[in-house]
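Enquirer: Sequences and hints are given; from them, build the entire structure.
Single-letter residue listing:
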Amino acid sequence: MRLHFSARQLLPIFCLCITLVACGSGESRVVQGNRDGILHYGNGTEPQGLDPHIVTGLPESHIVRALFEGLAVKNPFTLEPEPGVAQSWDISEDGRTVTFHLNPQARWSNGDTMTADDYVWSWRRALNPAMGNQYAYMLYPVENAEAFATGKLEDFAEVGVKALDQHTLQVQLVTATPYFIQLMDHYSTFAVHRPTIEKFGKATDRFTPWTRVENIVGNGAFTLTEWKLNRRIRVEKSDTYWDRDRVRLNGVVFYPTENISSEERMFRVGQLHYTQTIPLDKIPVYRAMENSSYVNAPYLGTYYYLLNINKAPLQDVRVRRALSLAIDRARLNNTVLHAANVPAYGITPPGTLGYQPPKLFGHDVAAARELLADAGFPNGEGWPGLELTYNTSESHRKIAVALQQMWKDALNIEVTLSNQEWKVYLDSVDQMNFQMARRGWIGDYVDPNNFLDLFLCAGGNNNTGFCDPQYDDMITRQAPRARSREERYAIFYAAETLLMEQMPFIPIYTYTSNHLIHPSVRDMPSNLMDSLNLKYVWLDQDWEAAQ
Amino acid sequence: MWRFIAYRLLQAVPVILAVITVTFFLVRVAPGGPFDSEKAVVPEVKAALEAQYRLDQPLLTQYAAYLGDLAQGELGPSFKYPGRSVNELIAAGLPVTAELGLYALLVAMVIGGLAGVIASLKPNTAQDYLPMSAAMIGICMPSFLLGPLLVLVFGIYLDWLPVSGWGDIPGDKILPAITLGSTYAAYIARLSRAGMLEVMTQDYIRTARAKGLPEWQVVTRHALRGGLIPVVAFLGPAFAGLLSGSFVVETIFQIPGLGRFYVQAAFNRDYTMILGTTVFLSTLIVLFNLLSDILAAWMNPRLRTQFSEH
Amino acid sequence: MSDASITDIAQAEQGTSLWHDAWLRLRRNRLALFGLGVLVLFITIALITPWIAPYGYAEQNLDLGASGPSAAHWLGTDIFGRDLLTQIMYGGRVSLAVGFIATAVALLIGVTWGAVAGYAGGRVDAVMMRLVDILYALPFMIFIVLLMVVFGRNLLLLFLAIGAVEWLTMARIMRSQVQTLRQQEFVEAAVSLGLSPTTIIRRHVIPNALGPIIVYTTLTIPSVMLLEAFLSFLGLGIQPPQTSWGLLISYGAETMEEYPWLLLFPGLALTLTLFSLNFLGDGLRDALDVRGSRD
Amino acid sequence: MALLEVNNLGVSFVTRNGTNRAVDDVSFTVESGQITAIIGESGSGKSVACYSLLGLIPKPPGRIDGGQALFGGRDLLQLPEAELRKVRGRDIAMVFQDPMTCLNPYMTVGKQLMEPLRYHQKTPAAQARRRALELLQEVGIRDPESTIDNYPHQFSGGMRQRVMIAMALINEPQLLIADEPTTALDVTIQAQILQLIAGLQRKRDIGVIFISHDLAVVADIADQIVVMQEGKIVESGDRAGIFQHARHPYTQKLLAAIPADSKASATLSPEPLIQVRHLATWFGQGRKQEPVKAVNDVSFDIRRGEVLGVVGESGSGKSTIGRSLLRLVPVTSGQVLFDDTDVTQLKGRALKDMRRRMQIIFQDPFASLNPRMTVYDTLAEPLLLHGIENRSSVARGVLKLMDDVGLARNFVRKYPHEFSGGQRQRIAIGRALATHPEFVVADEPVSALDVTIQAQILDLMLALGREYGLTMLFISHDLAVVRHIADRILVLYQGEIVEQGSGQDLFENPQQTYTRELLQSIPGRSLLQ
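Protein chains in written order, with the working numbering: chain A, 410 to 956; chain B, 7 to 316; chain C, 24 to 318; chain D, 1421 to 1949.
I should point out that these hints are in silico values taken from the structure, not numbers from a laboratory.
Note that beta-carbon positions come from the ideal geometry of N, C-alpha and C, so glycine has one too.
Be aware that one or more of the hints could be misleading.
Derived CB-CB ranges, DEER-like [to be verified]: (1) V159(B) x T885(A): 55 to 65 Å; (2) R1550(D) x R50(C): 56 to 66 Å; (3) R153(C) x G1768(D): 49 to 59 Å; (4) A903(A) x K45(B): 19 to 29 Å; (5) L47(C) x D1445(D): 54 to 64 Å; (6) G789(A) x V150(C): 54 to 64 Å; (7) K45(B) x R886(A): 22 to 32 Å.
Expert: Now the structure itself:
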């Protein structure tokens, strides 16, 4: 091997390759996309898979909702249910029987007609415990669905879902559930193409390649044309979808944009139309731009700290209330969070279909110090210490550090921080070995019940040790029987007041959705569920003129 | 020669086996399982999931089953990506990481090598300190700082190079390679400087000068070969370091490499994925160590003749 | 034979001991002195930080938020309004501690492991070095992530984990040094005197193998500091409100456009430490190189 | 007109601790067709003078203070670098001391040989290759066709020096400067190289400057001799003038230092201290490779108080014998009886006690002392280890040793790097004597020293031998030195004893052809009585 190059020869080669490269990276994807009707969408992490009955994350839901469609669909502007595969539905007098009338035009992407039997078979697959569907509880309002899903019931025939004929599906509910139609938009209730699945193995098999590009059969507005791992997923307009005339996009490309700073940079150089989120410290920069692409809107979710009320010193309600009153939520939001969110004083986000939660307290340091003194820790003496557990993330750290100092200044108490890696944090919360832990809950459907049922004694996601029979009774028995929405909300209001008096958790803020959306993207409204309906979205080529 | 390679490869098998065993049990000790998620999972569903992936069997049987599959080259299904096998994910990720590692090594050798050689010509003068300090920047600027900085300057302000991606837009491999390679440029600069200084004091350099050759020919024709052997011997460990550090660069530049899969797998307790990536990364490291040892030996004629004799 | 008394020895012309001789040579190397000066300055500041820090390290001023260098805050403040100079001083305590202690751990294990493997040779050497190969083959970053995840996070584990990974190259360098020294005649002379192998290693081999080790150590310290930063970047390093230069740099990197000083000053501290370590290391290596002295 | 005329040349080195004048006002001339020898000990400036003419002294520390160097009508000292390089490559060529390191190990011999030709005269490759083959033939390399493409490590020391000479002559230079070309070679090979240089000089009628520290080496071939001491020329003249009637005391001292006589026979007790029976030490018993039989079935006795000399060339196994006796090297088979106990079977404590009674002195004074231990520590260590002195008395013991070996007491706290080669060897001897051994192996103790220092060390060893009643095994490749110090001599060739006898017998009537060849190769044969 002869190393005979000399420094003189090497220099020209080096300069050559520098000039070759410095010719810019050509036309940006956004400009191309606007011309070809292709939306470039920053989708967060790499999707796990596309089987509606297996996936759990948000990134997966965006793609599954493009490839499949439920019986009903959320209108992106009003969030009210719209006809999907079911062109209409009627609810019985006592609200316990729902009959869906399927749209005869509804087709699978391989041309097969959609039938009611598809739904019976699909719901059986979704509820089958062997499937391991973590969102099976979406169908629990259906009679005996929970029994079947927990293995107590073998025969699926007893579950309240029947195909009266090819195009009529009748569902028998356990009790009147006003939000049941909304659940039909959740992908774990979607129908899946039986022949395709059975071609590759048993119904409940998780390893089958039926969701591969060459095999997948869906019934949504788009079909899957390319999936390059950790690179991009491309879907194109389906020509079998019943409402295809309304669809104005020719295709969508989803990018796994895990690193939020890189995602923002891709947006800035025109590689993305839409970003999943935005780095906290970039918010003031974008907000200052005129006709900025920064979009901020309320989002159906609450950020709060779980309090383990079985562990000292949190078993004393006065301590819990003191901790909550000592926090200046407005100041936290305006400084560290750059006014991106809304301070919260309860669990239910304000304006959830018109429901306004009670506000029992505000930022009151004097009252907080008094409460703490009553509880036996005057000016922080004898304070045993308190540990706040949170999972590793930029914003969680910033909030925790700010609050740690607020408690120190206001109550002169020591709060130590324990930053844990994702799975370790989940394990700590699950095993209740924490004193105070960060928690965020995003609504599955737009109804106060989805937030208030968190703190039921048997609530799977309670994790506070709080259990009040009177509260349970109001939520599980009284509310469903309310004859009108006002009466139901009054019961919810009373229940939430009782809850906040006990303060098993410290609400911090109500989520907001934060995205960078290119001005050329039209009819992609922000809504409380931040839900994406690609059927309505279109790209306006001469967006600059409009500005 | 081939006996030597066969011998080293044979030695690699216990090394990789040890790596698998250590990782297999270490991962299971970590708190949190593959199926925990923020929304509490119904116990029955969790049990069903664990049964599907044979996690409910005793640890030793799982270990034996895993080795059995591994023998046939089957790395098992991924927990996090149902429907995809670890083989498939690695097949997608490995070539990218290896390619990124090679380009980074190239960058490190060019920057480090040039800096080291130039510095060694006039030790302890400005011509020594300037290139060495420039190469030193690589060490004190971590990739999670250098990457974004390069992207800002070349990607956004100058708009010369793409901001992210791998292989889609021409030129998108340059910034990641520089970011990853710069750390090792410093090591290589120091090694090549020391190597060259050592060689320049050798007698055969004086002979070359006595022949009346100009200084730059003395350096390139005579000094370079001997001076750069320590650098070549260092390529093996450097590549190992690059592979380990690659996933930061992969996250910053959205590169579909194995490193990124690995971190996701570690954080999601995707046991089969962790094992699969560890096995492949270790094999890549062992192979590359072997390659750099052979290359270093090949450059030295004395060892080369010994090789070809037996 | 005149009875020589101890005093006779004392008056003996005080030979310049090697370390003393090395110090004389080092003193003439301006750059190495500059490096030594900076290091001593940083270490003293780190030691007396609690008494001289202008502000409490956790003292926040949320309304102020991130502000540039000003009269009140010489190096500006971070997003919580905390004084950056104080953060850098406290960060220095952790970074320098991690840097020096983890490297010391690596030095201790690496030197002894390499010396024994190099001196023993044969089968012992083969086994010991195979173990080093195994650890080399293990992608060490992943090994640390798993270690930190499994055993949770505390500073001691951080030192041990980093030290346990950095000693591999140290062991290899030491082994090759010892193998060359082993053939030196003064080692054979020591054997012929009847000294035990451990004494020979301790008194004759290790002191003569320190040159390259010192140079490598000056490279290890900064890379260990960066490794700590990397672990903290992943959220596995130290816990807030503790901080380190690495953490400050990783936070600064995220907001380098909006608040550049948050990145500039911690970066400067680390770079300065790195350069002074390297100048000192080179100076030390040249000073200790006996060959370069008289003949 | 002289080929090279050097007038009042001055060269000094600017170092941190002051400037020292290496060459002080030196003038000499070199005639073409003659061999001019420059003789001087290390540090006398003989090499610096020649190197500075060709600009081979690195300028920052080195500095030419003045003088002229007329060659072919031009003053070399004033020539610009580019011009000087042309002269250096084409008209004046050099051959250096150590052939093992002077050839580029990473380049084939052929390519290095052709390089000066290709660079200076741009001759095409094929023609240059033919020229190279001719030269290799001329310098005596058999069958150059098959070896020209080999690498340097595939040649022996002597062969490599021949290649160096061929490389120097390829451009038909007018002047050849040879800097101690044979010092690193075995005596038989040294003789051949000396003949080669003399023969080539006559055939090509070129000027040769032969630099050496040993007058004996140039005794046969030098026409003119220049003697230098501490940067100055103390005497110069033709060969006969210098050897027969040297005027300057330093020259006389150099002449006297050449060991010329053989040791008077002393009466010794017949009773053997060491008995070696069928000793064999093989290396590299790999599975398949053929083991190297360094020492193969050797038997001999050493009587108490006797100095047994072992003579042989490199690779003859003489050092291995010494190390085998002291168990520094694993013995393959055979017995070594020391005072009737078999050393080869000893273990642990017994081996350690035995080690006290046997010691070794090495060749290279720079490598045999731990650079990081003061003289005091080096001497105190054996005294304390074997309990010869205790904590309080060790200081006295160290000083006594220093007196015995002739080292000034106030050097006791100094480090090895602060001593000259000769002083270091004295320290090594002191260390060996510390344990009051009965038997000492001296492995080429003086080969690396200048001639005058060599003489002093030999006398010291003889004196200490008598005073301590030592039995000694003296190993060397220099027959003249061994004859001077040894009572009896073993001649070793490829691991086997070829002949043995007293110094006198061996010199008068050598039996074996190899011994005769050895005797013939002693440089300055004519000087010996």
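Enquirer: Given the range 56 to 66 Å, decide if the beta-carbon distance of R1550(D) to R50(C) lies inside it.
Expert: Because 60 Å falls inside the window, the suggested range holds.
Enquirer: Does the Cβ-Cβ separation between G789(A) and V150(C) fall within 54 to 64 Å?
Expert: Holds, since G789(A) and V150(C) (Cβ atoms, about 58 Å apart) stay within the stated range.
Enquirer: Confirm or reject the claim that R153(C) and G1768(D) have a C-beta distance inside 49 to 59 Å.
Expert: Between R153(C) and G1768(D), where Cβ atoms are some 30 Å apart, the hint is violated.
Enquirer: Cβ-Cβ distance between V159(B) and T885(A): within 55 to 65 Å?
Expert: holds (60 Å)
Enquirer: Just tell me: holds or violated, for the beta carbon distance of L47(C) and D1445(D) against 54 to 64 Å?
Expert: violated (33 Å)
Enquirer: Do the Cβ positions of A903(A) and K45(B) conform to the proposed distance bound of 19 to 29 Å?
Expert: holds (27 Å)
Enquirer: Against the range 22 to 32 Å, how does the distance between the Cβ atoms of K45(B) and R886(A) compare: consistent or not?
Expert: holds (25 Å)
In summary, the numbered hints that this structure violates are 3, 5.
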